[in-house]
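Chemist: Given next are the chains, with one letter for each unit.
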Amino acid sequence: MESAEQIRERILAGVPGADISVLPNPAPSAQHSILLGPGRAREIAIFLRDAPGLKLDLCSNATGVDWPQHGYLEVVYHLYSVELKHGPVVIRQRTANRGDAVTLPSLTPVWRSCEFQEREIFDLFGVVFDGHPDLRRLLMWDEFKDHPMRKDYVEPDDFEWEPTPHGDVLAKARGHYPAAVPKEGPAP
Amino acid sequence: MNPCPSGTQQHFLERAPVLLRDWITSFLPGSTRWLADSLIDIASILAVFGLLFAFLTLAERKVLGRVQNRPGPNRTGWMGLLQPFADGIKMLTKEDVVPRAADPVLHFLAPVALLAFSILTFAVIPFGRNLVPLDLDAGVLYFFAAGSATELAIFMAGWASHNKYALFAAMRALAQLISYELPLLLSFVPVVLATGSLSPTGIVAAQAGWRWGAVPNWLVFTPWGAAGFAIFMISALAESNRSPFDLPEAESELIAGHLTEYSGFKYALFFMAEYFGMCALSGMAVTLFLGGWHAPLPVLEIIPSYAWFAAKLLVLLAGFIWIRATLPRLRMDQLTKLAWKFLVPLALINLGTTAFWTLTHPWEGPLQLLRWGVALGLVLIPPVLLGRGLSSGLGPRRYRYA
Amino acid sequence: MNVPDLQALASVPGPAIRAVHDEFHGDLLEVSMGPHHPSTHGVFRMIVTLDGETVVKLKPVFGYLHRNHEKIGENTSYLASMPYTDRLDYFCSMTNNWAYALAVEKLAGQAVPDRAEYVRVILAELTRLLNHTCLAGFLLQDGGASGTPLMYAFREREKILDLFESLSGSRMMCNFQRFGGCRVDPDPAWLAAARTLADGYGRFLDEFERLLTGNEILMARTQGIGRLSPALAVGAGVTGPILRASGVDYDLRKVDGYGAYPRLKFRVPLGDHGDTYDRYMIRVLEMRESISLLQQALADLPAGPIMDPKAKLRGFRPKAGEAYGRIEGPKGEIGFYLISEGGPNPYRYRVRPPSLINLTILEDLCLGHSIADAVVILGSIDIVLGEVDR
Amino acid sequence: MLGIGLLQGLAVTARNLIGSFHDPKRFVTTQYPEERTKLPEAYRNFPFLVAENATDPMGTLRCVACQICEKECPPQCIYIEKSKDKKPDANGKMQIYPAIFAIDTAVCMSCQICVEVCPFDAIKMDQVFEFAATDRFNGLVLDRVQLAKPNSYFHGIHPTEAAEVDGRLAAARKAAEEKARLAAAAKAAPKPPPAPKVDPPAE
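Chains as they are written, first to last, in our numbering: chain A, 73 to 260; chain B, 3 to 404; chain C, 116 to 505; chain D, 1384 to 1586.
Extracted from the complex, chain A is given alone in its bound form (with noise of 0.2 Å):
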C-alpha cells in the first residue's frame, strides 16, 4: 500500500493540473488524507477507482466534519480495494464556507455506497452535493430546518427534554430536604 505522496504523485501523473495536498496524521495511526480541490473531485473519484495499481473500488465510509474555527464544512472519504486487499485511502473535500456556498461535486455516481452517507451529510451538516440521483434528508423528517450535527446547532426549547438530576429533579431533591441538614429517614 503506498504512503499518501506516492499517490499523490501517481494522481498527478494520472490526472494532470489536479489541485490536491496531502494532509499529515500525526496520530499513530498515520492514515493520511489527501485534499482534493473543488474543481475536479469526481475525476480524482474516477481515476482513483479504475487506476490499476490502486482499484479502489469500495468507498466504506462517507464522513462530515463541521471545522467551525476554520469556517468551513469537510467530507471524508475512506476507500478501499476489495480487488488488491489494500487500503485506506483518505480523501477529503472542503467546501467554501459554512454559510451560503456550501455545495460539494457527490462521489455517489463513482461508488455508489456514498447514496445513504451522503444524504446523511446532507441532512446533518447541510453540505449540498450536486449530481446525487436523490439527495433528500435521510434521517430528519423533511419539514426539519436545521442541521443538527454542526458544532454551533441549538436545540429548539421545546424539545421534549428528559430531566436529569440537573433540572426538575434537582429541584425536588433541593425541596425534599433542605441542603445543610440531611433529613435521616429511616434505615432501608
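In case anyone wonders, no lab produced these hints; they're calculated from the structure.
List of simulated lysine-lysine pairs, BS3-like, C-alpha gap at most 27 Å:
#1 D:Lys1557 <-> D:Lys1469
#2 C:Lys369 <-> A:Lys157
#3 B:Lys166 <-> B:Lys339
#4 C:Lys369 <-> A:Lys127
#5 C:Lys186 <-> A:Lys223
#6 D:Lys1454 <-> C:Lys427
#7 C:Lys186 <-> A:Lys217
#8 A:Lys223 <-> D:Lys1454
#9 D:Lys1532 <-> D:Lys1467
#10 A:Lys157 <-> C:Lys380
#11 C:Lys186 <-> D:Lys1454
#12 D:Lys1470 <-> D:Lys1454
#13 B:Lys64 <-> D:Lys1408
#14 C:Lys434 <-> A:Lys223
#15 C:Lys434 <-> D:Lys1454
#16 D:Lys1465 <-> D:Lys1454
#17 C:Lys425 <-> D:Lys1454
#18 C:Lys274 <-> D:Lys1408
#19 C:Lys174 <-> B:Lys166
#20 D:Lys1454 <-> D:Lys1532
#21 D:Lys1454 <-> D:Lys1467
#22 A:Lys217 <-> C:Lys174
#23 C:Lys274 <-> B:Lys64
#24 C:Lys274 <-> D:Lys1421
Pairwise CB distance ranges, derived in the manner of DEER restraints:
#25 B:Arg399 <-> C:Asp277: 30 to 38 Å
#26 A:Ala85 <-> C:Ala435: 29 to 37 Å
#27 C:Pro303 <-> A:Ala102: 33 to 41 Å
#28 D:Thr1412 <-> B:Gly90: 22 to 30 Å
#29 B:Gly79 <-> C:Arg325: 32 to 40 Å
#30 A:Leu84 <-> C:Glu273: 56 to 64 Å
#31 C:Val146 <-> A:Ala102: 49 to 57 Å
#32 D:Pro1502 <-> C:Asn460: 17 to 25 Å
#33 C:Ala435 <-> D:Ser1535: 48 to 56 Å
#34 C:Ala307 <-> D:Ile1451: 31 to 39 Å
#35 B:Arg399 <-> A:Phe216: 45 to 53 Å
We put the CB at the ideal spot given by N, CA and C, even for glycine.
With chain A fixed as given, assemble chains B, C and D onto it according to the hints.
Modeler: Coordinates of chains B, C and D only, in the frame set by chain A:
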C-alpha cells in the same frame, strides 16, 4: 337421524344417542317430533363442534408450544384448560372497531356468512352408525357446494374493510380457494366411481367389512385411494387457509390479511369459521377415505362407532397442527402453480387409475399382482416426474471456500 | 412488466410515482410497509409501489429510531461512549464494543495484551454465532414458519447470552471492552462453559439444517430470489456475509488481520448465485467456521494480563489526530472514525453502520419480485434499526 | 418437490415435541415468578451505596462525595451535593460525606461505569430488577437513604467481589495504621499520640 335399525345386535352404547333423543322427544306431541329431532341435531352439532373448536385452539397452542420447547398456555386453569373461555370472554369484551371508510353492512355480514356456510357443511357428515344429521343421497355434492361459498365471504371481508392489505388478502383468497376447489373435487370423484354412490352413508357402507380378517377395506388402502387421500388433504389444507397455504392472512406480509380491520367477536368468528371448515373437511376426508365410523378391527366393534369417527378426526386435526408448526409459507404464484400444474393432473391420472382398478376387479391370482403393480406405478411415478419438472431450478447447493 | 423497464421506472428520482392508466394493468398501488409492520425488523418503513403483487418501486424511509448517537458521542468522554455502542446493533454488543475499542486504540496507539486479543476473538465469534442463528430464525419467520425455527434459534441464543451475563454482568448490554483490553478476566469455570457450548453447537446446527436447509418450500421461496451481482455489491459498499454470498472474497478478518485472527486457521465460504438462499447458507457455513475458531481460541488462550497496565481509565486524552478502525461484525464492516483535538471528548465520532449501507441495494434486489419476496429479501439482508438510524 | 426435506423437517419438530416431555434440554422455560433462574454473580442492575454496617448506614457510608462518578456517568443521572461538615470514616480520617446523593433510576442504564471509576469502593451494582414505581420522580429518583445498603448485603449478592474489596480495604487500613504509628514514633513527641478511634472492621 334415521330411526334405530331393527337389528338388536347393536349393544347399548351404540344406540344410546338415539334412545336419548327418543326419550326427549317422547314428551312432545307426535306432530312436532320431526322439528324436535332436527333441533336436537343442530344443538348437538353446535355443542360438540363448538367445544371441539374451543379446545382445538388450546391444543394448537399447546402443541405449537411443546414443539418450540415451551409449555404453551398454562396459567388459566389447570394446564390452561380455561384458556379458550378466557379468549372467548376477551373477544366478547374487546371493542369492535369498524373503520369509518368500511362498508358497514358487508363488514358485518362477512364473518356471519363465513360461519353460516362452514356450519352448513356439517349437515351431511355421518358421525356414527345411526348419527347422520341429514341423509341426502347426494350429500357429498351438497357438502362441497356449501363449502365453496366461503370464498365469497372471505372476499366480502377483504373488500369491505377498505384497507389495502385486506384487498390484497381478498384477491389472494379468491385465487387460492378457487384454484384448490378443483383438486378437492377431482380427488373425491374416484371415490364415487368406486363406491357408485354420492351419499356419505352409502360410501361408508361400501367401506364396511375386513379383508383377510384384519385389513379393513377402507378406500385409503387401495393405491388410488391413498393418492386421492393425499391430494384431498393437501387441498383441504389450502381450502381452510392453513399453513403452508395461509396466504390470505399472511402475518409477515399482509399484517393480518382480510382480518386486518376486524376486532372483538367478529375476529373470533373468523377463527371459529376457519376451525369449523377444518373439522368439516377432515370429517369428509374420514368419511370418503378412512371408512367413516368403521372400526379398524372386527374385535374392536364394541367401541361405539362415533368414538371411531372422533378418533380418526382428531388424528387428522393433529396432522394439520403438526404441519402448521413446521412448514414456511408458499408464495402466491407457487401456490397456484402447485394446484394447476401438480395436483390437478395427478387427480386426473388418479381418475384413470381408479377406472383401471374397478375394471380389473375380477382378475384372479397372478393377475391380481399385475393389477396392484400397474396401479401403484400409475400412482407413484407421475408425482415424481411432475415434481422434478416443477422444481427444476431448485436443489441443495455446494459451496466453495476462498 | 418485464424487469428491464422496471429498472427504468425505478430510476425516477425521489418519491415521484409513475401512474399507469392502461385499462389492463389498472393503477399502481402505493403501499407503505412500516414503520409499524410485523416483518421490518424494527421501525423501518418501505414505500412500495406495486403493480398487482409485483414490486415496481421501493423507497426506504429511515429516521424513526434516530437519536443522534454521534452528537452524544461528541458530548461525552471516550469511556462514557462505550455503553452507548451496545445500543447500536443491540444483537451484537460485544463486536460493537470491540470496533470502538479498536478505533480508539488506533487513535491513541494503545497496546493490547495477547490474552485480551484472544478473549475478544472468543466473544466476537460467540456474537457471530448468536447473530447468524437468529438471522436464520427471522428469515423463516418472514417466510411464514410459525415461530418454530425462531424459537430454536432463541433457545441457543439464550445459552450464549447466559455466558455474556456471567462474564460482563448483562445479557445484551455488555459494556465489556476497554481501551487496551477487557474489563473482566474470564475465570476457568466460564472458559469451561464456553468450551462445552462450542462443542455442543455443531449438533444443534445439524438439527437446525435438517429442519431448514433441505426444506423444499424454503428452497422455493429463496432460491433465485433477490440476486445480487458482485459488481453491484462492491460498488454499493455492501460488506459482510451478503458480499461473500455474491462470490466476492472480502472478509476483514483475513484482509485486515486484526486481533488474534492471523494466528487462527479458518476458511471463508463463498456463494455463487448471490440470492437469498446463498445468503442464508453462507451464514450457516460461517457459523461452522466460528465454532472451529472458538475451539482454537479457547484451546490456546495465553495467560497474562487482561488489561494493558499502562491503559488509563479516566482522564483519557489521546493526542490530536484521527483514526478509522473497522472489524468484521456479524452484519458486515462496522467501523468507527474518530477525530481527536486532544480533549477528553472526541471532536468527531462517526459510526460506519453496515446495516444502513447494505440497504442501498434493497430496491435493486426487490424489483420485479412479489411483495412476499420483498419481505424475505429484507430479512436476508439482516438489518437492525438501532444501527441503521443511530 | 419431492418432499423429502419437508418430511425431515416434520421429523425434527416431532422429536422436539416428544423431547419436551422428558428431556430437560428441550423444555427450557422457567415458570417465573414461581420458579426463578439463579442470577449469575456478575449480574448488575441499579447501583447502591455501600455502608459499613447496617445499624447506622448514614453514618458509615463509604462515599466521600468526590463526585467522580457524577462526572463519569454517561447519561449524567447521579446528583451529589457535598456536606458542609465532616465525619470520621472507617480509617478514622475526617471525610466529607454526601448531603444529597440522588440517582435517577429512570435514566440510569446500569452500565456500572460509576463502580469502575469509584476510588473508594463506595458504590457497587445491585441485582434488583423487579423495581416499579407509580410516580416518575418520587418513585424512581432514589435518594441516599434508599440507596444505602450494608456491606453484609454486598457480601450476599457479590461474594467474591465483596471479599476482594474487603481485603483491599483492610490492607489499606492496616497500612494507614502502620503509617500513623510510624509517624507518631518518628516524631517521638513528648505527649503520647492520640489513640486513633478505629471502627470495628466489618465482619
